[in-house]
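**Student:** In order, the protein sequences belong to chains A and B. First residue of the first sequence: 1, per UniProt numbering; consecutive thereafter. First residue of the second sequence: 1, per UniProt numbering; consecutive thereafter.
In short, the hints are calculated from the structure, not lab data. It is possible that some hints are incorrect.
One copy or two, it doesn't matter: identical chains are merged, so the pair holds either way.
Claimed, not checked - Simulated pairs of lysine-lysine, DSSO-like, Cα-Cα distance not exceeding 30 Å:
(1) 220 to 163
(2) 163 to 34
(3) 163 to 288
(4) 163 to 88
(5) 22 to 163
(6) 323 to 121
(7) 98 to 163
(8) 345 to 88
(9) 34 to 17
(10) 323 to 26
(11) 323 to 258
In this text the structure is predicted, and so the values were computed from the model without any measurement.
Next come the chains, spelled out residue by residue.
Number of protein chains: 2
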Amino acid sequence: MFRLCKLCYSTAAQSIKSVKIKDVFKKGAINETKVGRVQGWVQSVRNHKRFCFIDISDGSLQTLQVVLPGNLMNKEIQNGASVSAVGKFVETEFNVNKIEMVCENIEVTGPCNPDEYPFLKHTPHEMQHLRSYPHLRMRRHSIMRGLRLRNQLEMRFHQYFQKHDFTHIHTPVITSSDCEGAGELFNVVAATDGNPTTENNEHSPNKMDSKDPNSNFFDKPAYLTVSGQMHLEACAMALGNVYTLNPAFRAEHGISRKHLSEFRMLEVEVAFVEDINYIMDLIEESIKYSIEEIELPVLQTFEDAFKDIPPNHSTAVENAKSKQYDRIPYSEALTILQNNSKRLKTPSPIWGGMILTLNKNHF
Amino acid sequence: MFRLCKLCYSTAAQSIKSVKIKDVFKKGAINETKVGRVQGWVQSVRNHKRFCFIDISDGSLQTLQVVLPGNLMNKEIQNGASVSAVGKFVETEFNVNKIEMVCENIEVTGPCNPDEYPFLKHTPHEMQHLRSYPHLRMRRHSIMRGLRLRNQLEMRFHQYFQKHDFTHIHTPVITSSDCEGAGELFNVVAATDGNPTTENNEHSPNKMDSKDPNSNFFDKPAYLTVSGQMHLEACAMALGNVYTLNPAFRAEHGISRKHLSEFRMLEVEVAFVEDINYIMDLIEESIKYSIEEIELPVLQTFEDAFKDIPPNHSTAVENAKSKQYDRIPYSEALTILQNNSKRLKTPSPIWGGMILTLNKNHF
Chain A
1 MFRLCKLCYS
11 TAAQSIKSVK
21 IKDVFKKGAI
31 NETKVGRVQG
41 WVQSVRNHKR
51 FCFIDISDGS
61 LQTLQVVLPG
71 NLMNKEIQNG
81 ASVSAVGKFV
91 ETEFNVNKIE
101 MVCENIEVTG
111 PCNPDEYPFL
121 KHTPHEMQHL
131 RSYPHLRMRR
141 HSIMRGLRLR
151 NQLEMRFHQY
161 FQKHDFTHIH
171 TPVITSSDCE
181 GAGELFNVVA
191 ATDGNPTTEN
201 NEHSPNKMDS
211 KDPNSNFFDK
221 PAYLTVSGQM
231 HLEACAMALG
241 NVYTLNPAFR
251 AEHGISRKHL
261 SEFRMLEVEV
271 AFVEDINYIM
281 DLIEESIKYS
291 IEEIELPVLQ
301 TFEDAFKDIP
311 PNHSTAVENA
321 KSKQYDRIPY
331 SEALTILQNN
341 SKRLKTPSPI
351 WGGMILTLNK
361 NHF
Chain B
1 MFRLCKLCYS
11 TAAQSIKSVK
21 IKDVFKKGAI
31 NETKVGRVQG
41 WVQSVRNHKR
51 FCFIDISDGS
61 LQTLQVVLPG
71 NLMNKEIQNG
81 ASVSAVGKFV
91 ETEFNVNKIE
101 MVCENIEVTG
111 PCNPDEYPFL
121 KHTPHEMQHL
131 RSYPHLRMRR
141 HSIMRGLRLR
151 NQLEMRFHQY
161 FQKHDFTHIH
171 TPVITSSDCE
181 GAGELFNVVA
191 ATDGNPTTEN
201 NEHSPNKMDS
211 KDPNSNFFDK
221 PAYLTVSGQM
231 HLEACAMALG
241 NVYTLNPAFR
251 AEHGISRKHL
261 SEFRMLEVEV
271 AFVEDINYIM
281 DLIEESIKYS
291 IEEIELPVLQ
301 TFEDAFKDIP
311 PNHSTAVENA
321 KSKQYDRIPY
331 SEALTILQNN
341 SKRLKTPSPI
351 WGGMILTLNK
361 NHF
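Work out the full structure: start from the sequences and follow the hints.
**Tutor:** Spelled out as structure tokens, the structure:
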């Protein structure tokens with residue numbers, strides 16, 4: 001009933017065209033859309049004597065500043081609330097985005113209790129604080145813009161490989177193979193198997209012996225993939241050029257920058273390669289292409305959102321985009337390490353052995 | 001040593017530019033590339049008195065017919081072998097692709113034992129036969145072209161949603177939530193947990209009590225996702241428009257067309273929707289867009305490869321692309337079912353209940 005009343009009340013407002021904030025800031029848009037409706041989430045409220053400012057985000061890169069006359073202000077308009085605001089878009093000198101909305105009507109479609117909402121209006125919270133609210137953290141600029149950047153990077157990688165006639169393969173997540181040695185694998189078992197008290201057991205006519213706790217849904221042990229490499233290799237032997245951007249899993253308990261329990265991995269396989277430079281070109285080009293093609297506002301807002309990005313970050317991105325990547329032959333790399341053997345944390349590497357990641361900063 | 005000799009032997013041939021078969025068939029290509037090298041896998045060998053024909057596939061949509069003079073023929077050139085052929089591209093009336101290669105030099109880079117290779121030269125094998133060779137089946141036209149079509153469809157869906165300002169989210173595969181009721185879930189446990197004999201246990205300083213077979217890698221039970229819906233909903237409440245094309249899992253023992261144990265699912269969430277027609281438009285448009293944008297050769301070769309596609313398949317694809325999709329209000333659908341109650345396999349549905357999939361063919 002409450003909802004019905006609300007809907008009736010706001011019919012007039014709803015007949016006004018809904019616009020995305022990103023479109024408000026497009027060149028010339030303000031002349032076309034003098035009046036519009038913006039729907040989003042309140043990012044901040046700043047009260048003044050006779051009016052107040054609220055910043056609304058709708059997932060666009062920018063937020064929109066809305067000027068609310070005193071009579072439209074109500075206590076439901078809080079940080080985190082979802083609102084639908086109708087008003088005039090006007091140019092202004094006092095806001096960094098140069099356009100703001102003078103509100104004529106505002107409706108709170110989803111109220112938010114400020115005592116329970118974990119994010120403060122203007123405080124840039126620590127990442128650790130955001131992490132403890134997985135269902136809300138996307139509302140903060142840093143995470144939101146991280147997700148947007150990730151989306152663009154993914155699409156640019158797809159573009160690059162599609163342009164070069166690679167086929168994207170969905171390599172399987174559940175697999176019986178173990179690409180990189182045991183000890184890091186996650187096991188997959190049906191939740192009902194080995195748990196004979198569950199009601200649903202009756203509905204599984206083909207199931208294994210449920211008394212055996214190691215009984216498997218499949219007829220052999222199944223794991224979460226640690227790499228799609230083997231499946232890709234088989235596909236490369238038919239399709240030539242293939243890649244995947246698949247989830248991969250490692251059951252490593254240690255917390256490090258190396259492996260999360262679940263992560264996405266770009267893997268590429270090419271048939272008939274006779275020159276290792278072809279592969280190195282592919283790596284260098286695909287990275288450069290993807291960075292180059294990121295839309296500048298996406299990159300900038302990402303950098304703005306992360307105040308703790310190290311100062312040399314932009315230089316590193318610029319270098320990755322424009323500089324030629326160093327290529328060191330294996331033997332030469334080994335000689336460098338052997339000459340630096342006193343500074344290494346491991347015994348001096350010998351020809352034929354692996355070059356450990358922890359030694360790679362000596363180049 | 002053998003590999004070195006081979007490389008030395010073929011240096012002359014390797015200096016000739018390698019071309020993709022798809023580029024050979026491009027308009028005008030034959031005038032530019034009079035001589036070239038093609039690398040791929042033999043799909044068929046047809047012996048004649050003084051020469052033989054072999055069809056080579058390199059993952060392109062078409063195969064290339066190579067004419068081999070008798071003196072170049074050797075017993076290693078078998079169905080399934082990988083070869084590198086150098087020769088002249090010439091126009092011909094006798095082949096469906098209108099261009100063939102007259103071979104001047106051929107090298108078998110990967111021999112294939114015809115007694116062990118499970119696919120016959122010209123026989124279109126049953127799908128069940130192909131399924132039993134997961135590492136080789138991609139070499140058959142049907143599977144290869146299925147993978148290509150799948151790749152294109154995926155990219156078209158991405159294009160559509162990116163154009164409409166949706167953000168692609170990698171929703172997690174490992175989750176502690178259970179979107180759609182228990183009994184269908186896969187459990188995730190670390191392979192070393194509950195298996196105290198494994199050597200690697202020592203290297204896991206933070207691990208749980210390994211004596212308990214139900215001990216978890218995470219501090220609570222973890223499952224494979226059945227749907228990214230919940231995570232997407234949270235993201236939609238910040239980014240507005242989001243989607244995922246994520247793997248999803250169901251531990252259902254029954255074999256049906258409904259759910260595989262592992263499958264990919266396109267899920268979309270939109271914030272601030274006031275009219276259900278917006279969602280229905282989105283579904284209809286995204287499907288139509290994706291089918292329309294599939295390159296015709298990809299669709300045609302797919303249909304050519306599957307000889308058991310029902311005859312009305314093309315019509316169905318055409319309809320999905322061009323006809324307006326029927327939209328039936330819930331109450332109306334219910335009335336239709338109630339009027340047909342005698343033909344239903346279930347009790348007549350009542351208002352507020354679900355409409356079962358098995359009744360949907362009555363509309």
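**Student:** Decide, hint by hint, whether the structure agrees.
**Tutor:** Structure-based check of all given hints:
1. 220 to 163: neither (39 Å within a copy, 44 Å between copies)
2. 163 to 34: between (41 Å within a copy, 25 Å between copies)
3. 163 to 288: Classified as both: same-chain Cα gap 14 Å, cross-chain 23 Å, threshold 30 Å.
4. 163 to 88: Between. Shortest inter-copy distance 27 Å satisfies the 30 Å Cα cut-off; intra-copy 44 Å does not.
5. 22 to 163: both (29 Å within a copy, 14 Å between copies)
6. 323 to 121: The answer is neither: 41 Å in one copy and 50 Å across copies each exceed 30 Å.
7. 98 to 163: between (38 Å within a copy, 26 Å between copies)
8. 345 to 88: neither (65 Å within a copy, 57 Å between copies)
9. 34 to 17: within (11 Å within a copy, 60 Å between copies)
10. 323 to 26: neither (33 Å within a copy, 35 Å between copies)
11. 323 to 258: Answer is within: at 25 Å inside a copy they meet the 30 Å cutoff, but 51 Å across does not.
Hints 1, 6, 8, 10 from the earlier list are contradicted by this structure; the remaining hints agree with it.
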